[in-house]
Amino acid sequence: MTMKMNMTPELQACLDACLTCLAACEHCATACLAEDDVKMMAACVRLDRDCADACAFTARLLMRASELYPQACGMCAEACDRCAAECEKHAAHHDHCRQCAEACRACAAQCRKMAA
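Its first residue numbered 1, the sequence shown is counted upward by one per residue in the UniProt record's numbering.
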């Protein structure tokens, strides 16, 4: 989902990355819960949910160009890094994890550009 708003290209790119990552994390968590060995995917689900929440929060601050968005972007980059690292452990066997890791890495990179 791309939302075009009256903002700088840098803010728009970060917002787009956050929304893409949010969707990827939600999809990955749902897919992980449908796997045969759900217990093995527990850390992935937990980090997917943390990352999705971080992306949603950061996106809301970016949408209104809040003075707090640089701090949120730093936190979001950290959540994305942690989620990507876990998803990469499963990426060879689960395409949803591969896609999520890619979205997380892209979001982390955009957020770092905007972080305090």
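Don't take each hint at face value.
Derived Cβ-Cβ restraints for the label pairs, each shown as a range [said to hold, decoys possible]:
{"hint": "1", "residue 1": "37", "residue 2": "8", "range": "31 to 37 Å"}
{"hint": "2", "residue 1": "63", "residue 2": "109", "range": "18 to 24 Å"}
{"hint": "3", "residue 1": "93", "residue 2": "68", "range": "36 to 42 Å"}
{"hint": "4", "residue 1": "75", "residue 2": "8", "range": "35 to 41 Å"}
Calculated directly from the structure, the hints in this document are not laboratory data.
We put the CB at the ideal spot given by N, CA and C, even for glycine.
Results of checking the hints against the structure:
no., hint, result
1, 37 x 8: 31 to 37 Å, "violated, 45 Å"
2, 63 x 109: 18 to 24 Å, "holds, 20 Å"
3, 93 x 68: 36 to 42 Å, "holds, 39 Å"
4, 75 x 8: 35 to 41 Å, "violated, 21 Å"
Of the numbered hints given earlier, the model fails hints 1, 4; all others are met.
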